[in-house]
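Engineer: Residues per chain are reported as follows:
Protein chains: 2
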Amino acid sequence: MSNDTGINGAESLVRTLVKGGADVCFSNPGTSEMHFVAALDRVEGMSCVLCLFEGVATGAADGWARMTGRPGLTLLHLGPGLGNGLANLHNAKKAGTPIVNIVGEHTTQHLSYDAPLTSDTEGVARPMSHWVRTGRDSLGIAQDGADAITAASTASPAGPGQIATLILPADTAWGPGAAPATPAAPPVRGKVSDTAIATAAQALKLGADTLLFLGADAVLAAPLMLAGAIAKKTGARIMGRTSLSRVERGAGRVALPRLPYPIDISLETLKPFKRIVLLGAPDPVAFFGYPGKPSRLAAEGTEIIPVADGTHDLMDALERLAEATGARAAKPILAPLARPALPKGALTAETAMASIAALMPEGTIICDESVTSGRFTGPITENAAPHDWLQITGGSIGIGPPLALGAAIAAPDRQVINLEADGSAMYTLQALWSQARTHAKVVTVIWSNRSYAILTGELAAVGAKNPGRKALDMLSLENPALDWVALAHGMGVPGVVAESAESFTEALRAGLAENGPFLIEARI
Amino acid sequence: MSNDTGINGAESLVRTLVKGGADVCFSNPGTSEMHFVAALDRVEGMSCVLCLFEGVATGAADGWARMTGRPGLTLLHLGPGLGNGLANLHNAKKAGTPIVNIVGEHTTQHLSYDAPLTSDTEGVARPMSHWVRTGRDSLGIAQDGADAITAASTASPAGPGQIATLILPADTAWGPGAAPATPAAPPVRGKVSDTAIATAAQALKLGADTLLFLGADAVLAAPLMLAGAIAKKTGARIMGRTSLSRVERGAGRVALPRLPYPIDISLETLKPFKRIVLLGAPDPVAFFGYPGKPSRLAAEGTEIIPVADGTHDLMDALERLAEATGARAAKPILAPLARPALPKGALTAETAMASIAALMPEGTIICDESVTSGRFTGPITENAAPHDWLQITGGSIGIGPPLALGAAIAAPDRQVINLEADGSAMYTLQALWSQARTHAKVVTVIWSNRSYAILTGELAAVGAKNPGRKALDMLSLENPALDWVALAHGMGVPGVVAESAESFTEALRAGLAENGPFLIEARI
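Residue numbers (our numbering), protein chains in the order written: chain A, 5 to 528; chain F, 5 to 528.
Among these hints, one or two may not hold up.
Said to hold, decoys possible - DSSO-like mimics (lysine-lysine), calculated; alpha carbons at most 30 Å apart, straight line:
#1 K23/A <-> K474/F
#2 K23/F <-> K469/A
#3 K278/F <-> K297/F
What the hints assert, rightly or not - Some chain F residues near chain A, calculated using beta-carbon distances under 8 Å:
#4 G87
#5 D124
#6 L459
Since the hints were derived computationally from the structure, they do not count as laboratory data. Since this is a predicted model, take the numbers as computed values, not measurements. Even glycine gets a Cβ: it sits at the ideal position worked out from N, Cα and C.
Bound conformation, chain A alone:
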């Protein structure tokens, strides 16, 4: 084979990924990725962030992509390394985030020998990927990379992107490379039919017992303005899915209540609605199935009116709905700026959130993995300075610290605040080290309740009665208590404990003043 380009497959791939906008690589490389790593130095446009665990890399790529709208990029080591990244790929898949995973693999010839690290890498990739391909030769790997970018940039029902996993046998990296390839544009997101718009508009015009249920990227500021106008004009209500990838909210934006998580409260919340119009969100379902309780959350007899999912052009659909409901000229209700007073006294999730709402600067990015502690604290920040709110989307805990890392690298001029349950933080605490290395402006707030608090409720909800010591031991993070300040310090992140509202405020001020990461263990 001729090699007129003078570059190897790895370099042709790195250059292709940069062309495709995937220019920050969250990496946990091993031997099989060494040529890719070596190529990084020869390509100016690519930055690399070392992650000390693969779940950090995949969660960070998700956070980066949610903030940039471009494909998040990971570099992982063989099947087991990809395995370690699956949980956060699951979350990214449920968020509809565009992600490209480059997974190193044994050389094509070496694979047949069942070496210790050999596994079914495609098999590992498939459950959490929309698109999987194994590179066949070094001259084709640039085009494979371009195809991965296109696949990642293709909208899915959940949102604007997909998970694309490209497996890179080492010889396709070290062999001669072709010229970098240019990714094809992804398919244009489809327009909703006129009939669907007319049906939905008719339902919305019936007013307060119709719900416009939103998800995917219909909860950014611009589409929410249209949804708010429709609500203002028709009296219909708007609400977001329980878990949303990225909401633009705060002062000057349309406030969006979210469907609560607990099964009984969510059933109660949807009970008043006779019609639910779906726009970027599916027919609402419970997080888990419970004995004697329904999986679908809408009341019996509620009419479900599906308009669009993430594969559709949601802005276009909202514009046409606004037109059809006569809401074009309506002025949506916008949240006024109203910073709460700094709280005093006991530290609770509520008082801590009041401090955050009072002090957080405009443009803050909240990465919310509060699980129990933060569940009812969203309204406190509704009138804070305008900000972004990123959530755990697939229910697989351990997303917060990596998501915050990725968001901070995507938006280095903005403050990131990671609201984090202690149990969840333990899954991917290694992200703190990468935050320290990159001077990521992340304040991590650990809700230190020393338990998997959510499970105490769940144990009751599934009808498991009178738990004994062994069961309760499985829900407790005591004995020993985790010392989060020590853990942060061990990874180069300064931190303090807060035990009162006042000390939390002081800690938060210190954290916001840092030119890098900071951690507050909030003893609530």
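Got chain A; can you put chain F on it based on the hints?
Structural biologist: Quick look at chain F alone, frame taken from chain A:
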């Protein structure tokens, strides 16, 4: 359906697992496993160890099973939770360890609604499992559990067990259960043919240029005595695979050199042999493929004589080989007890290992994930008190701290020493918390070289020349340095830094005196 037993599916399953000898459950439960958790309190024979990350649970189950010979048991939460456990299941699979994973799942009816945590759980399980089943109803789940025990206890080519994954929809746990089931005995391990024995015996009798290459459970003390007798009688050499699940070694045992890891040294090591007899080990292959280097490590023209793999009765094969080579009465060379003098001066992996060899008590279990630092330190302990040596078997890093946890719980009267690379330890550092909670007698020695040192060599080995700053950043754990004593302290484990041979010895004495875990950050 009748429910004469008065127990639910979860309890019928827990009782079945206890009958099958799987009576310690390394758990990271979520909502869908709450009935299983509740059942723990009603079944006396089952102990539970909470792990704060699934990779800890699977690695600990591996360590427990390697030491007890019974199926290691995990409790995991849905597809993403299983995903987090895959890397150490990969290691266990390559070790041939018997493992039963119980993976909670949505109720059968809820699965159709694509709730946030829904994923293809069987798809996640398959690449790292020999046996996968999803429970269909609560009355059948006891038999499913019994079948999982039988599958896990069935020998595989790698060793005495297999990975069995039983997926447990929540309704199969909370519905009425049948009586606990009794697992069927696994298939008896096959006998090697007389022809194979005769061929191998003939080769061994040719003496020093024949290698008896050992793996699986042929490297425990009893089979090694036979292998040592054959070597003594015939002059043939014995050697173990590069990575072994569990070797019984030290004073009074037959010393077993292992095939080194680095490609050039391993090729050199095998060069002298004209014949390689395989007993519980495959035809030796390189860990990775490298440009211009072979995948198979035996020299061109070396005769490969396969006798048995892990599915065979290896003791029987060795007894018949001893008979056929006239080695029945031969006395193998046994390692004499010779504790080294306590070292002075600079702290290196070698001097630290001398301290360990001098001080470790009889019956110590070494869990070795040293990667670069420990590679040549095995011989130093050859004449130490008799001990077990457990290794990373599938090359997927992050096994050491969990393996040590599981081994300590399996053998509470024995000391465990975890030799651990800093980069690897970061993958599953959460294991320290479970060590603290269970007062596991584990001394963790962190080889703190502040880099993925192995990759520096690998970068050169694959021919990636002149790495620049970006590439080198991907191999360095500096900036910031990890403070292992702080990390351990954060999880309730006392620890110290050692910077000289003398301070290492002092730290080791302190660690061995602890009635629980201890960590030494060895700055080498």
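Engineer: So, for every hint listed, does it hold in this structure?
Structural biologist: Results of checking the hints against the structure:
1. K23/A <-> K474/F: holds, 19 Å
2. K23/F <-> K469/A: Holds: K23/F and K469/A sit about 25 Å apart, inside 30 Å.
3. K278/F <-> K297/F: holds, 20 Å
4. G87: holds, 3 Å
5. D124: Given a least distance of 4 Å, the restraint on D124/F holds.
6. L459: holds, 7 Å
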